[in-house]
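All chains, full assembly: derive it from the sequences and hints.
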Amino acid sequence: MTTAKISYDAVEVGTEVPMREFRVNRADLVRYAGASGDFNPIHWNEKFAKEVGLPDVIAHGAYTMAQAARVVTEWAGDPGALVEYGVRFTRPVVVPNDDKGALIEIGAKVTAKLDDEARTVRLDITATSAGQKVLGRARAVVRLV
Amino acid sequence: MALDQSFVGRTYPPTAAYEVGREKIREFAESLGDTNPVYTDPEAARALGYPDVIAPPTFIFTITFKAAGKQVVEDPQLGLDYSRVVHGDQRFEYTRPVRAGDHLSVTSIIDSIKSLAGNDILSVRGEVHDKAGDHVATSFTTLVARAADAEVEESR
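So the protein lines, in turn, are chains A and B. The working numbering puts the first residue of the first sequence at 473, with every later residue one more than the last. The working numbering puts the first residue of the second sequence at 13, with every later residue one more than the last.
No wet-lab data here; the hints were simulated from the structure.
Chain A side only, calculated, beta carbon under 10 Å to chain B, not exhaustive:
#1 D500
#2 N512
#3 I514
#4 G525
#5 L526
#6 Q539
#7 A541
#8 R542
#9 R611
Pairwise CB distance ranges, derived in the manner of DEER restraints:
#10 A:Q604 - B:E31: 33 to 43 Å
#11 A:D570 - B:D146: 45 to 55 Å
#12 A:R563 - B:E86: 23 to 33 Å
#13 B:D146 - A:D528: 36 to 46 Å
#14 B:G21 - A:D571: 40 to 50 Å
#15 A:T562 - B:G45: 17 to 27 Å
#16 B:G45 - A:A602: 15 to 25 Å
#17 B:K82 - A:L526: 21 to 31 Å
#18 A:D528 - B:E42: 23 to 33 Å
#19 B:A160 - A:E589: 47 to 57 Å
#20 B:A160 - A:R563: 17 to 27 Å
#21 A:S479 - B:P25: 37 to 47 Å
C-beta: ideal position from N, C-alpha, C; glycine also.
Below is the structure:
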């Protein structure tokens, strides 16, 4: 059984995980496409993305989801402490074709202490890009020490 | 055109095992810019009680997505238009983290098919097991095939 470094007893409902900023550009998306095997052209081909009705190239939902997980796993101290994790992709992260790309801001807050014995807590995650919420119902359940 | 409801409950055969390598995990973590040593350094992983490096939590999606893509999305009988597919939502339940040396097999199941405003909404569950047959994780994926403009016009 593996557990996180952060203590269940030290956490309260309302405990906040500090907001983090992640920058994503086209090169990051190409790299992620290669690493994940998701080569859907909406994530790298502007012409194609626009043809299917998107404003521009968009980040893989799973890429944004991975960065949001990272905020939680770094806080917990052990990525293997994640018991459950889910998000809804409410709006695409639109990634312009420049060196700056898009900025994603991610934070989280403990919203429940679920089980004193299993030492699990629930965190609600917020993720925004260009002032819009990009993940909805983003929740993680983490097992703490 | 709405997808055939009779596909709900369809279970596809387990995929051939995917062998998880250290370098693949490293490549994935690097593509995220995630420098946590537990993904790249076996010593750091062992310090947390793992036998080898573990993968970032969403790594599992690359395996379940491939399975769902090859078997479900490209199922000619189902007839989903992949060029219009976007990821609607995604959830994972983990029994343990994926680690280097794993041989993982995915069983994909169509949980539901819905049609909303001309969009086809497909929910696919991926049950991931290791070589010993032990459960590693379950992936719940919702894919949305957005309506083509012409079809939206028709549905108005």
